[in-house]
Amino acid sequence: MALHSAIVLTILTLTVGCSEPRSDTTLRFGLANTPANLDPRFATDATSARVNRLLYSRLIDFDEAARPVPSLATWEQISPVHYRFFLQPTRQPFHHGAELTASDVKATYDFVLDASNHSPHRSALTLISDIHVPTDNIVDFYLNKPDRLFPSYLVIGILPANLIRTNHPFHEHPIGNGAFTFIDRPDDTHWRLMRQVDRQYVELLRIPDPTVRVLKLLAGEIDMIQNDLPPELTAYLDTDDKISIQRRQGANFSYLGFNLQDPVVGQHRIREAIAHAIDRTSIIHHLLHDTAHPANAMFPPKHWVGDATLSGYDYNPTRARALLRQAGFDEAHPVRLTYKTSTDPIRLRVATIVQDQLAHVGIDVSIQSHDWGTFYGDIKAGRFQMYSLSWVGLKTPDIFRYVFHSSSIPPRGANRGRFIDTQSDRLIEQAQATQDLHRKSEIYRRLQAHLLHVLPYVPLWFEEHVFLARRNITGYVLSADGNYDGLLTVTRRPTSTQLTRQESHQP
Amino acid sequence: MIRLWVPLFILGVWSVMAIIGPALPITPNHIDLTQILTTPSATAWLGYDDIGRSIGDRLIVGARTSFLVAFSVVFIASIVGSCLGIIGAYWGGWVDHLLIRIIDIFLAFPGILLAIALAGAMGPGIENVVLALACVGWVGYARLARSQVLAIKEADHVTAARALGASSGRIMFRHLLPLLSAPLIIELSFGVASIVIAEAGLSFLGLGVQPPDASWGSMIRDGTRYMLVAPHVVIAPGVALMLVVFAINVLGDWMRDWLDVKSLTRER
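Chains as they are written, first to last, in our numbering: chain A, 284 to 790; chain B, 88 to 355.
The set of hints was computed from the structure by calculation and includes no laboratory data.
We put the beta carbon where it would ideally sit given N, CA and C, even for glycine.
One or more of the hints may lead you astray.
Sample of chain A residues at the chain B side, in silico, Cβ under 8 Å [stated by the list, open to error]:
hint: 1; residue: Gln544
hint: 2; residue: Val547
hint: 3; residue: Ser565
hint: 4; residue: Ile567
hint: 5; residue: Leu631
hint: 6; residue: Thr635
hint: 7; residue: Asp647
hint: 8; residue: Ile650
hint: 9; residue: Gln651
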């Protein structure tokens with residue numbers, strides 16, 4: 284223990300010992316990744332989406348159950364193919380002073396829908412046939428086919444129409460009407476924003492290495508961090524008096540995927556054996572330090588199409604061995620599989636544990652870890668037998684068509700396992716055609732039960748969101764989808780020294 | 088003599104670990120999730136790693152990986168490099184020019200970056216690491232052999248052998264190669280140290296052994312992530328790697344002095 288403490292002290296001294304906690308009023312937020320694009324028309328990564336929520340407003344938002352709720356606008360369904368959105372009467376102007384009107388909404392969505400602009404969000408919005416602006420406060424969306432989930436798709440931040448026309452570089456100088464104004468980007472690792480309501484400055488700092496991020500938090504160089512930490516570091520900080528911690532059940536869905544055209548994992552019995560051979564409870568408890576919850580479907584039970592009654596596959600090596608024998612495999616003829624994963628440390632650890640657990644039932648797994656580009660390229664091209672990945676930020680159940688419908692094999696969708704199942708196709712089509720939301724959710728629940736039975740994926744778990752801050756940071760509310768909206772309310776409590784100083788300056 | 092016996096002892100332990108490792112009753116890939124990052128104790132003298140495997144057991148298996156990679160690479164690189172160097176220098180003309188151009192091309196890239204690029208292109212795996220490092224490593228031997236042969240190919244005994252009708256192959260490998268052995272052995276000893284480090288570096292980058300196999304480089308890579316909460320995970324393979332590289336370098340220094348005619352003359 285003495286050695287441990289000495290080493291930690293040395294590391295602290297060498298890395299951050301020369302700096303002291305900063306005394307200015309800027310709040311500093313440590314990020315693992317940079318926001319790749321601050322233009323919401325083109326941003327696709329999670330960090331950009333989370334930062335863009337602070338800079339731009341969108342027409343709708345989501346509640347706890349991922350149902351669409353009004354944000355910048357309320358709406359009314361005039362007909363199955365006509366939605367009318369009413370902009371909120373008390374809305375913030377754009378950061379450059381102009382009022383936000385319905386024309387700005389139309390200009391933003393027209394830009395995304397224009398194929399020549401190559402927006403990655405266009406494909407999700409192609410059901411829009413026309414956009415009309417009857418008044419400055421009303422936008423009409425006309426669809427080319429009915430879709431009751433349509434409002435859920437309108438999550439792109441609204442940009443000023445006059446700047447869209449002049450090709451303003453929003454990715455460098457974002458101008459929206461969000462709660463935060465973009466100040467500057469001194470270098471590739473710093474973004475400075477200002478909260479409009481109280482002129483509070485917030486600095487986003489990119490610190491990719493989790494250990495360095497933790498050391499900077501402990502040293503007071505940054506005030507808060509969220510997610511992207513190994514579970515051990517979270518547990519380590521949990522015991523530190525200087526740090527407060529918030530946890531919240533998340534919806535990021537981790538799973539094992541299979542190539543269903545493969546002669547081995549294409550067999551249902553083999554996939555069922557794999558599901559029974561993995562001890563998820565033990566992995567969640569020991570490896571993930573209980574920062575995850577077992578999953579039986581893509582959506583958590585709290586989601587409006589979630590199903591709390593689904594019962595997953597229990598850890599049962601005996602049953603797994605029996606299934607393998609039924610499939611014609613035994614110790615003399617073991618199942619041999621290749622498991623592809625990225626070089627992400629936690630994914631590699633999970634892969635190695637799964638490899639060990641599958642070996643106990645007679646499945647010989649060879650792991651291939653590749654850099655993200657190679658790995659993702661292989662997965663999209665179907666060059667795999669088994670892989671692990673996560674779905675992040677799932678909101679609407681139209682994802683089922685994208686992932687499991689037989690017409691969604693890449694490049695047309697994300698049916699990477701080449702899953703072709705007539706019953707799943709039928710249920711997906713039925714759910715999409717149904718206009719009654721209650722009936723729609725029932726069909727999606729049946730679909731999820733069916734998917735759990737046929738196992739194109741073996742569901743693993745939903746990862747938890749974790750927020751860590753210094754004790755004097757208050758008011759941050761961790762959201763269900765891990766966004767950074769807590770920055771809207773976060774404040775730093777003055778230290779006793781600062782209070783004394785303030786008091787001494789009172790007249 | 089401490090310069091001889093201390094490195095020999097360290098390298099002896101390394102070699103024994105590598106050679107008899109598979110015969111030992113160890114379980115380097117056994118995972119016990121309840122032991123994740125457990126510190127050293129009487130039952131596990133180096134503790135457990137990030138998925139509950141014995142670090143001591145993995146250190147022994149990792150020694151074998153480092154040993155096999157180091158000696159495979161040095162063997163391939165020294166044979167290929169020496170042969171090409173001797174042939175180029177002995178034949179001269181366009182053969183020598185071609186060799187020099189190829190060597191220049193290889194030297195234009197930093198060695199480890201070229202190895203990373205090759206290993207990345209061929210995919211992760213220990214065989215590919217050996218090939219990548221051998222592709223980069225032969226150049227040093229070729230340059231050394233070429234320069235030595237250029238200096239001695241006109242020596243009297245070579246002229247005599249040629250006059251007696253000895254074939255080119257016989258002259259190169261019977262009359263020239265033995266005279267290159269001293270500098271080549273010294274180059275070889277330093278080569279082992281650099282390959283051990285290069286293998287560790289490639290494994291550190293995820294291009295070396297694949298899970299669950301162990302290598303010191305991959306153990307250090309995994310351990311660095313837990314320096315705050317479990318420093319023992321990185322200390323054990325780090326110290327092992329440092330000792331082996333240190334021992335090889337000290338032994339190489341000793342051999343250079345021992346084979347140096349001038350220093351022998353002085354001592355005598």
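Status of each hint after checking the structure:
1. Gln544: violated (22 Å)
2. Val547: Hint on valine 547 of chain A: violated, closest Cβ of chain B at ~20 Å, above 8 Å.
3. Ser565: With a closest approach of 5 Å, the serine 565 of chain A hint holds.
4. Ile567: Cβ of isoleucine 567 of chain A sits 10 Å from chain B, so the hint is violated.
5. Leu631: holds (6 Å)
6. Thr635: holds (4 Å)
7. Asp647: violated (12 Å)
8. Ile650: Hint on isoleucine 650 of chain A: holds, closest Cβ of chain B at ~5 Å, below 8 Å.
9. Gln651: holds (7 Å)
In terms of the numbered hints stated before, the structure departs from hints 1, 2, 4, 7, listed from lowest to highest.
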